[in-house]
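*Asks:* Order-wise, the sequence lines are chains R and X.
The first sequence maps to residues 1 to 255 in the numbering used here.
The second sequence maps to residues 1 to 553 in the numbering used here.
To be clear, the hints were calculated from the coordinates, so they are not data collected in a lab.
There's no promise every hint is true.
Unchecked claim - Label pairs and their in silico Cβ distance ranges:
(1) R:A116 - X:A47: 31 to 41 Å
(2) X:D115 - R:G201: 28 to 38 Å
(3) R:D29 - X:W349: 45 to 55 Å
(4) R:R112 - X:G119: 24 to 34 Å
(5) X:G458 - R:R63: 54 to 64 Å
(6) X:A53 - R:G169: 51 to 61 Å
To be verified - Some chain X residues well away from chain R (every beta-carbon gap over 10 Å; in silico):
(7) A53
(8) A118
(9) R169
(10) K287
(11) A365
(12) K414
Each residue gets a CB set at the ideal place from its N, CA and C atoms; glycine is no exception.
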Amino acid sequence: MTTYATYNIKGGVGKTTAAVNLAHLSAADGYRTLLWDLDPQGAASFLFRVKPRVKGGGKALIRGTKALDDAIKGTDFENLDLLPADFTYRNMDLILGGHDKKPTRKIAQLLRPLAAEYDNVFLDCPPSISLVSENVMHAADVLLVPLIPTTLSVRTLDQLTEFVAGFNGRQPEVRAFFSMVDRRKRLHQDITEELLAERSGVAATPIPALSLIERMSVERAPVTVFAPRSQAARAFRELWAELNADDEKPADEPA
Amino acid sequence: MTLDLRGFELDGGGEANGGTPAAGSQTETRDPASAALDVLAQSFGVATERGAAGSGNRQRTWLDTFDWRLNRAGLVLEYERTERGSRLLLSRDDLPLAEQPVTGWQPRRPRLAEDLPAGPVRDQIFKLVSPRALLPVAWAASTVSTTRLLNADGKTVARLIVDRSTASRDGVSVQLPPRLAIAEVRGYPGQARRAARLLAGVSGVSPASQSVFATALRALGHHPGDYSGGVDAEITADMPASVAVATVLLRLLDTLELNVDGVLRDIDTEFLHDLRVSVRRTRSAIKLLGGVLPDGLAGAYAAEFKWLGDLTTPTRDLDVHLLGFGAMADHLVAASAADLEPFRAYLLWRRAREFRRLAAGLRSARFKGITDHWRKALVEVRDAGRPRKRLREPTAAELAISTTGRAFRKIVAKGGAITQDSPPESLHDLRKRAKELRYLLEFFAPLHDPVAYKKVVGDLKQLQDCLGEFQDSQVQRGEIHELADAMLAEHAAPAATLLAMGEIVANLAISQAEAREDFSLRFAKFAGPAGQQRMRTLLDEPAIGVDPDGAGA
Chain R
1 MTTYATYNIK
11 GGVGKTTAAV
21 NLAHLSAADG
31 YRTLLWDLDP
41 QGAASFLFRV
51 KPRVKGGGKA
61 LIRGTKALDD
71 AIKGTDFENL
81 DLLPADFTYR
91 NMDLILGGHD
101 KKPTRKIAQL
111 LRPLAAEYDN
121 VFLDCPPSIS
131 LVSENVMHAA
141 DVLLVPLIPT
151 TLSVRTLDQL
161 TEFVAGFNGR
171 QPEVRAFFSM
181 VDRRKRLHQD
191 ITEELLAERS
201 GVAATPIPAL
211 SLIERMSVER
221 APVTVFAPRS
231 QAARAFRELW
241 AELNADDEKP
251 ADEPA
Chain X
1 MTLDLRGFEL
11 DGGGEANGGT
21 PAAGSQTETR
31 DPASAALDVL
41 AQSFGVATER
51 GAAGSGNRQR
61 TWLDTFDWRL
71 NRAGLVLEYE
81 RTERGSRLLL
91 SRDDLPLAEQ
101 PVTGWQPRRP
111 RLAEDLPAGP
121 VRDQIFKLVS
131 PRALLPVAWA
141 ASTVSTTRLL
151 NADGKTVARL
161 IVDRSTASRD
171 GVSVQLPPRL
181 AIAEVRGYPG
191 QARRAARLLA
201 GVSGVSPASQ
211 SVFATALRAL
221 GHHPGDYSGG
231 VDAEITADMP
241 ASVAVATVLL
251 RLLDTLELNV
261 DGVLRDIDTE
271 FLHDLRVSVR
281 RTRSAIKLLG
291 GVLPDGLAGA
301 YAAEFKWLGD
311 LTTPTRDLDV
321 HLLGFGAMAD
331 HLVAASAADL
341 EPFRAYLLWR
351 RAREFRRLAA
361 GLRSARFKGI
371 TDHWRKALVE
381 VRDAGRPRKR
391 LREPTAAELA
401 ISTTGRAFRK
411 IVAKGGAITQ
421 DSPPESLHDL
431 RKRAKELRYL
441 LEFFAPLHDP
451 VAYKKVVGDL
461 KQLQDCLGEF
471 QDSQVQRGEI
481 HELADAMLAE
491 HAAPAATLLA
501 MGEIVANLAI
511 SQAEAREDFS
521 LRFAKFAGPA
531 GQQRMRTLLD
541 EPAIGVDPDG
551 AGA
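Chain X with its partners taken away, still in its complex shape (with noise of 0.2 Å):
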């Protein structure tokens, strides 16, 4: 039995339970899907079919990971328990494209792409997911019916399932409007067509316009993709810079605390390494925007964020050295992965004990002083609005030309400058301005033309890579040389272990030498006369330019 695509939802439904009614709910307290069965009694004899596939009760726990991986790509997870037992399945467009059963899970808890036990709905999810967990979104607990429609001979020719779930996600319950599908009986295409169409004709019923999940999450009051680690802060051309300004640091604030609950709970590593990324962010826009801010603001809480971005760095480094541990693993030659093992068992204690660390720091007074008081003072700053100390503030349009502007004239300085005898340091400085131009043309996003952005960030982001790849084997290497004296100090070095650590720092020799190699071509890409040209486009775009009269586009 295939279910059919023609999904119906009821407006005439059910209601929140404590809340507000669902739209369009009806007086009147007969039961819409029944008056929808009427219809279909009309023109087809209707027989209640017991113990029907996806009959019966059913609960279901839909999964995703924090930053909506599935979702995003148009899938739909779901783990289901039913008399019959338990399964996971992928759908997308409520299409089902795998399914596979499981035993013994527990939905409630995170659970690692990598623990997934083997089977299609892992294969198809593993790469895009991977290295989050799938954590439980929503849950709904089901009563599936399903009547037999027959034809004159008593034969079933389709089938009339009707759904009726409780929705509930943190503690709240919402009923949802009932949803109706006509499944198709094979052989019998045409009734189940002619189904469809008398129920579409039915006052009340509409064909669903998404997915029971999409409407299990609205119902909640969420939406999918709630959460996103991009800037995406909500600011105009016109607006103060002061204004704007805040308005990014509330947001790099706000996805800074979304992650907080994630790296204590150790859920996945992807929320330090989120989280990390805000503490950039916001450095990054204290040392470049801080200026527009009220005087003194951006100088106190400077040191106060590099204080919480080095508490999360030995953490994410050893994150990073065990994330990419099968690969390194790989690439041994000489030595074979399991001489490794050490290593890994070691990076595991080391980890446990800077988490620790982190752990403590996180629910320490200090932290929440800063996230407190940061907050505070950017609301301030942001609720303020137009009023100006200065003569003219310059507008949020202006300030990202004036630093877009200057931070790319500098990586095309200090860039031009570096030659094949210049020190790593030089390519460590130069990757350093990088990321700040990237935060800035991230912050200043919603201004600038998204056609030239794309293409100046694309160029961007390969040379980012590359020195990203140069710098991060020269300290990869470094870290696995003082990892190994401390083994060894520890008596945990097993001379094999030792060599094959060797290997691993002879390969990260062998990537810096390749991304060093690589640096003139994405450099000249990027900042060539081609390059500058695409940046001028960008910054001259009428939808950042200022107009004569000083308001802004």
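Next up, chain R with everything else stripped away, as it sits in the complex (with noise of 0.2 Å):
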């Protein structure tokens, strides 16, 4: 089983989109595909048309009284389920303190029993320095950061790659890639080709900034379902296709 977790400290910079578009695209490819709505805004889920509530909220499901298994949802798409928000994932961080030994691997082990049951497992996370994302950057294989071209979150992207290098043992692949990218403004070309000739890590694709992205909101699913073969489907295909390529390197291949 591989975790991607999309993580950006910023709101609004594409990570719903990109999470809900990546494991849509998962599932097509047969994996068997998993997408925790891990947000209390609950946006995954809107999207995905499924009510954003786990019974007994997220503490029963920290805390391990009502198993992941039975708060998972199918969407209307083979191989892909999802595990909705609900609104009290905003006290998240209290749950996950209150759960004394080793509060930052929670999530990695609630996750740890659907190894078996997924190949797949996309984590969509609110946007937060906080418990939840230490939590989710320990459950994570690779994290995935959408960044909009600009020089702070360039910056954000180094301070996010030197607080995982800190960590002890395992440590999560970091990849980036550009999102809510306008080809009209100069700085978005300009740090696009700086960025991708200075550091490795970061994908060669980038989603472009598209009406028709916001359009999921309405649609209320992927754009690789309502609109496949438009420019935006076609760009996240490229970056699952590089993600997914990626993946399957062996293990002692050179990245």
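Each of the two chains sits in its own frame; use the hints to bring them together as a complex.
*Replies:* Structure follows, in structure tokens:
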């Protein structure tokens, strides 16, 4: 099981759209896929038309009184399930903190039993630096970081990479990708080119800023479903192909 | 997506092509599946789903052995071909148990269990099916459509699956009633239940009482399990003995003839086995019960069935060697399995030669003459019914009591006389008598109390196994000696092979000695005081007793 987490300290940078479309593409490729909507706003749940509610709330899930398995909902798509958001996730830090043993590893521990059932898990994280995000970083194999090509975003990526490098033991691979790219903006072009030239771990495929992606909230479906031949869908497909190819490399082969 | 168990049949569905309409078919032209959908649409949003798993066209071939081993075990095996690929699917009560993808499968060709590709389906059925071949039992071409059932948010909460199939077998095609199922979406079990309840309330829709396979077979006029190697003759206690014997012999002839095609096509070795059992049973019936048939009939055919039995023996003996080859090789200690390969090659060559002789015999005018004339004569006896030449012909029950009792007493006497010093022939002779008793019990099984019958047959079977092990080991040793001589004469026997064959002979001698040791215990259990009481109970049962008026029970 490979766990991908879409994470950025900032909100509105394309985490959820990426998680939803990549999870759908993963499922369409035949991988048994789970998307966990960890954001109390429940945007991913909304996009899959699933009510953002978990019986017993986040507390029941984290404390284990409700099995993760029982909260999972099938989406409309083959091979793709969703663990919905719940408004109580806003208190997730408190819930995790109340868990005295290894509070930063709880989500990883909860996901472990699902390894036999799913090939890929996507975690859609709320924007913040918190106990939740630290949990997610420990649970993830690949940290997918959407970057709007601005100087501040690049700085955030540096901070995140440094933070992860400080982990003891297992560290997730940090994979950034450009999101909401407006090719008409000179700054976007410059930063994209520079970063691709200077940094490894940045995906070559940018996700453009397109109104079609914003339409996802109207259609309540991945763009890869309602506009499969669009430029946006093509971009997500190429990004997924890049990520999936990386994942399928033998362990001893240099990245 | 998991297929829900709540399957439904529309009794207003299709009709047989060129046959009778399906039960309860309606005259209106409206598709009954659409009527069901209308009802669901009142409570759910509905949307056609294209390209869903399991949707589209699919070809199914149901597979089973000739003697329905999978069906008897409650299993259904199908080969399925869809746009997405081909697979073998094993299920019980419409619930999938195992599946495995297959390539290059030719569903119309029989396939031995050992030739199945490795995978979970093979793992589950190999022991059950072996050494039989899987044969296509029926075919179905289906169009499957899926409709999503949506909640107020437009979310799919269940699916309606409509399967329209045309089944075929032996050139006959029948359109099956459309079949509906509600598939549950994970996390929404209540909605699936609700949809199923709504479907159940639609006029003309009823819960499917059997699997698609069973529906297809029934529509085609076949019944799962319509072949069995058992006797299962329909006889009654007060039937005239001659009619009962003719009925049993006709049933044996049916079984014999049903297996001829499988033998000639060399589908699997059990066809010949079952054919031989029918011949042996027939010979025993002629010998033990032939006295009640019209004068001369039994005597005339005794020699013909001996010829038929002898015709089949060489091929069967070689089959037995080949079937047990793996186990024989596994028990080698000094020699290696590879040493035996020339022996296997020789056995295969000899079998091919003997099989040609067997096939020629089964295609001969003599064989056809035996079966045709025998059937004609037996039908005449059976249909003659009660009129009797003799003043009072015994009933089937009386014949069963007298012959079974006599056969049992013979075993008690002969077996009781066997000591540690008795020659092997005495055990061989006892084996034949035990077989005769077993056949008599089987012929008259419908007249016996099932519980008492089971007890007697259980003990007899254990005695037979012991005697069989003793004699088969000896016969096989002799045969291996002869085969070794023949291989030497034909320069087909490397020294290592002969040594390995010697080790097999030694192992057979050990098995024979063990069976000999076991004999006293088995015999005492079957023919001792308790066994004799069990037999008395069996033969004294009211069902088989004769009332004072001689009308039978």
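*Asks:* Next, verify each hint and record whether it holds.
*Replies:* Consistency of the hints with the structure:
no., hint, in the structure
1, R:A116 - X:A47: 31 to 41 Å, "holds (32 Å)"
2, X:D115 - R:G201: 28 to 38 Å, "violated (51 Å)"
3, R:D29 - X:W349: 45 to 55 Å, "holds (52 Å)"
4, R:R112 - X:G119: 24 to 34 Å, "holds (28 Å)"
5, X:G458 - R:R63: 54 to 64 Å, "holds (58 Å)"
6, X:A53 - R:G169: 51 to 61 Å, "violated (40 Å)"
7, A53, "violated (5 Å)"
8, A118, "holds (22 Å)"
9, R169, "holds (33 Å)"
10, K287, "holds (63 Å)"
11, A365, "holds (61 Å)"
12, K414, "holds (62 Å)"
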